[in-house]
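Each chain, letter by letter, is given below.
Protein chains: 2
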Amino acid sequence: MRTFKLTLAYDGSNYSGWQIQPGRITLQETLERALANITGEAIRVTASGRTDAGVHALGQVASFRSETHLSPEVLEKALNAELPHDMAVLSAVEARAGFHATGDAVKKRYRYVVHDGPIRDVFERRYQWHYRSRLDEAAMHRAAQGLRGTHDFSSFETHGSKRDSSIRTIFDIAVARGRGEKIDCLTIEIEADGFLYNMVRTIVGTLVEVGRGTQSHEWPSQVLAACDRQAAGQTAPPQGLFLMRVEY
Amino acid sequence: MRTFKLTLAYDGSNYSGWQIQPGRITLQETLERALANITGEAIRVTASGRTDAGVHALGQVASFRSETHLSPEVLEKALNAELPHDMAVLSAVEARAGFHATGDAVKKRYRYVVHDGPIRDVFERRYQWHYRSRLDEAAMHRAAQGLRGTHDFSSFETHGSKRDSSIRTIFDIAVARGRGEKIDCLTIEIEADGFLYNMVRTIVGTLVEVGRGTQSHEWPSQVLAACDRQAAGQTAPPQGLFLMRVEY
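Protein chains in written order, with the working numbering: chain E, 987 to 1234; chain G, 987 to 1234.
Bound-form chain E, shown alone:
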């Protein structure tokens, strides 16, 4: 048995998220079917984490084991020929035996895109949250810095997931207005050793309250300290969220 590591990009718009669910089209199932068509094996794929319905990826990582004799380069080309056009394999490499995309991940980076102009962007509507009124990105960035470091992030976790611990470490968090033509866009990037369920989207929903001026820049730190989901802002919608990179 050989172990492979895939780096994937996908437009999550037309999928019910990563994880296989009966009666729904999921990214995992689509990838497993493509692998079955290529190798003739029933292959189970594991991702660095599950992305929800409508969430996108520029650098999701998935691992699987196979008896195939195909080279990683051939496997990559065959997968890109087999997969629908809203999924792409950016790289395929052979990994050490025992490599596991979930368990071995040490760092992940997400990006969230908010469009804060009055008129919708018809081309980016699947890839951003259209917030409509202008946000103060400097206040949001300042507020976000209070979330850096190692904390109990249970205020930013949607219940229902069963995790041992809600302690995570945010290494980097930054809010910036988009470059060039995209002056009506904010990006919120967060890098951490792991994320609780809906953590990025709840942090974004909380920072937006600061950006629109209804809360002060100290408020997100108070939300964090409360360890209570009720203290935080709304959960931002899925289509603005991109899994950018996973490090091992």
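These are calculated hints, taken from the structure and not from any lab test.
Any given hint could turn out to be false.
Treat identical chains as interchangeable: a pair holds within one or across any two.
Said to hold, decoys possible - Dumping the calculated EDC-like pairs for lysine to aspartate or glutamate here, alpha-carbon to alpha-carbon at most 20 Å:
hint, residue 1, residue 2
1, K991, E1110
2, K1168, D1107
3, K1063, D1090
4, K1063, D1107
5, K1063, D1170
6, K1093, D1038
7, K1093, D1170
Bear in mind the structure is a predicted one, so any value in this text is a computation, not a measurement.
Fit chain G to the given chain E structure using the hints.
Chain G alone, transformed into the frame defined by chain E:
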């Protein structure tokens, strides 16, 4: 009767082009239906020109006459509430009586986007031609300069349209590699006093032959001089084409 001028953006992916056709969903019909819902009038809308199925716009202009008492600002908001999310009114203004979006246009600018990297961009697949192999943008730009000026562009016209003349003036034509993160993208921008049917897409298909090295940079000028559609390259696919701006 008042005359209005709308500036529109649309994602043409899900439409059979601008012009009303029985049994198909078109941009014109969608806009006219929205106007009927708002004003109660049967309004006929005229665009600066028809865009084909799959072609997009960042600055299409349309005009219509109406007895409505609504202000342009209110009309704009009502239209954006009424239209599907792949169409947006960027501005609505009242125009002088007799203003006609087709007849009064003096200059139009189109952009065409080519992705010349090996792996498809899952987010931009509806908005670019995925050409796969790397193109020489400097050779394409140099070749394009031979098309500047006033010429008979019948080599770049798909037959079937009945026009009085195939003489047009290209004021500006430029090929450039994309900015920032988009290094795998070329944009071809063309500004002219008018365009023949499929003219931009045929120019792009011709310049790509230069970019891939199968034709010299003098070839597009020779194609132009031939006044023969058979001399030109293929017609590039619609999804890379954007109507950027119309001047009056």
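Non-conforming hints, listed in increasing numerical order: 1, 3 and 7
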